[in-house]
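Trainee: Fit chain B to the known structure of chain A by using the hints.
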Amino acid sequence: MKAAEMGRPLVSIAGVHKHFGSFHALKGVSLDVHAGEVMCIIGASGSGKTTLLRCINQLVEIDRGAIWVDGELTGYRIEGTRLHRLPEKEIARQRLATGMVFQRFNLFPHMTALENIIEGPVRVQRRPRAEVVAEARALLARVGLESKADAYPAALSGGQQQRVAIARALAMKPKLMLFDEPTSALDPELVGEVLAAMKELAASGMTMIVVTHELGFAREVADRVVYMDAGMIVESGTAAEVLGSPKEARTRAFLSAVLS
Amino acid sequence: MTQASPSQAALPDISGYTVVPQRHWKRWLAVAVIAVLLAGLVRAFAQGQIEWRYVGQFLTAQSILSGLVNTVLMSIGAMALGIALGITAAVMRMSPNPVLQGVAMGYAWLFRGTPVILQLLLWFNLALVFPTIGFGDWSWRTVDVMTPAVAALLGLGINQGAYTSEVMRAGMLSVDQGQYEAAKAIGMTRMMSLRRIVFPQAMRVIIPPLGNEFIGMIKLTSLASVIQFAEILHNAQNIYYANSRVIELLIVAGIWYLVVVSILTPGQMLLERHFARGTQGGR
Chain A
29 MKAAEMGRPL VSIAGVHKHF GSFHALKGVS LDVHAGEVMC IIGASGSGKT
79 TLLRCINQLV EIDRGAIWVD GELTGYRIEG TRLHRLPEKE IARQRLATGM
129 VFQRFNLFPH MTALENIIEG PVRVQRRPRA EVVAEARALL ARVGLESKAD
179 AYPAALSGGQ QQRVAIARAL AMKPKLMLFD EPTSALDPEL VGEVLAAMKE
229 LAASGMTMIV VTHELGFARE VADRVVYMDA GMIVESGTAA EVLGSPKEAR
279 TRAFLSAVLS
Chain B
200 MTQASPSQAA LPDISGYTVV PQRHWKRWLA VAVIAVLLAG LVRAFAQGQI
250 EWRYVGQFLT AQSILSGLVN TVLMSIGAMA LGIALGITAA VMRMSPNPVL
300 QGVAMGYAWL FRGTPVILQL LLWFNLALVF PTIGFGDWSW RTVDVMTPAV
350 AALLGLGINQ GAYTSEVMRA GMLSVDQGQY EAAKAIGMTR MMSLRRIVFP
400 QAMRVIIPPL GNEFIGMIKL TSLASVIQFA EILHNAQNIY YANSRVIELL
450 IVAGIWYLVV VSILTPGQML LERHFARGTQ GGR
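Keeping their order, the protein sequence lines are chains A and B.
So in the working numbering, spot 143 of the first sequence is number 171, and the numbers just go up one at a time.
So in the working numbering, spot 169 of the second sequence is number 368, and the numbers just go up one at a time.
Chain A with its partners taken away, still in its complex shape:
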């Protein structure tokens, strides 16, 4: 628990509710993530773990509660005791604090790997192109793809695409990285290379929230594991606690179903 003594959390989620029509996807979720911490969220599909992740960078708008990222309330401006919904431009600016890696990669197919990576820094952050290209090449080297800079996504394997997607998110220099089941759409033999890139990132001190089914990765890398079910956090603790000796019956049932 290296994170516990670090003061103000980087991400603070307080009593968040979300409905999709009549479906109550999140039922009062509260959670803190500290800088440098790697948190894995596990749970069955439909448990709300992906929705929670998407709420953090406001791809999903929450119904009730609050999410703070780096001390800033997301989505709203506080005036006295009133909350004013932020305009789109401000929400776009807040999203710069988080990088997101999607289950289905979502690389831009009409751009090469390098163009995918520099698009955000050059167009959104308006940083000088030459500087960004140099950084992008370094990022590609970091994920082991320096030779693929000029390849279009269609010419890359799933594992390579996902590593480019990780580099694209890192190019924005986010304070926090969100991973939404980053290996679920991959062929089994390609999972390892993506997990290796993520392990390297975790070792470099990046704050990461990872929604995953890879319990081995969670056990090895996570500082904290959170088990969610039916829109609520059932159990949270170190990987050894939650995966090794779960206290809750629901967690035990899930783990035995996954491991069998």
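No lab work stands behind these hints, which were simulated from the structure alone.
All of these numbers come straight from a predicted model, not from anything done at the bench.
Think of the CB as a built atom: it goes at the ideal place given N, C-alpha and C, for glycine as much as any other residue.
Every clue listed holds true.
Not everything, but these chain A residues come out facing chain B in the computed CB check (under 8 Å):
1. Leu87
2. Glu116
3. Lys117
4. Ala120
5. Arg123
6. Asn134
7. Phe136
8. His138
9. Met139
Mentor: Leaving out everything else, chain B in the frame of chain A:
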């Protein structure tokens, strides 16, 4: 298959045989029939009451060529206006703002719901409704502003925009939702993600129907002859009103329409190749 397995021992060895391609005798029969029909058609026109020398003479007549230039310029202008309005209407229609959605739907409803020729006549006769247009000191007589060319541009362009908006919308819908999300996740606003991420991908879907619409527009400009716009068909008609060579001049106009459309087709192929980059069949 050089090494036959034991079970194939009884089968003949065909490895040295010649392959004879399938004979397409029905194809050759069809070619023969078409050739006979075509020869008959050519003969009929050659012997018919067409003075082909007039066709040759008027093909490059001053009035025909200026009409051709007007047709091409009007097609480009009206299509440009149509594309600009079409993109605007499609973006409004796909926006989360219900007012903008309603305006875009109303626009498509109004201009798709009335004949183009009626719209052209309305624009041309706008002076009957508003004798002058402008504000205060800045005003002009409508008849001076609403020349045949301006009326044709507005009539054809605004009508085209209503159709083009649906083509654009189809293109936007064809782009995966994940692309919008990925664009948002790197901090793009809606407008920037449309410009940088969505439309470049939508182009692949948009260009074939848009090429279709452009070809339609070239021929649609001929409708503007009813409001005295000097496009090629209008000028051809003026000549045959004087010399009574109706068919010859219609053939002249027809030849030029075919020439323009034939030039457009390879242009469309080049555009399609450009926007296919990153996909199979692209680079």
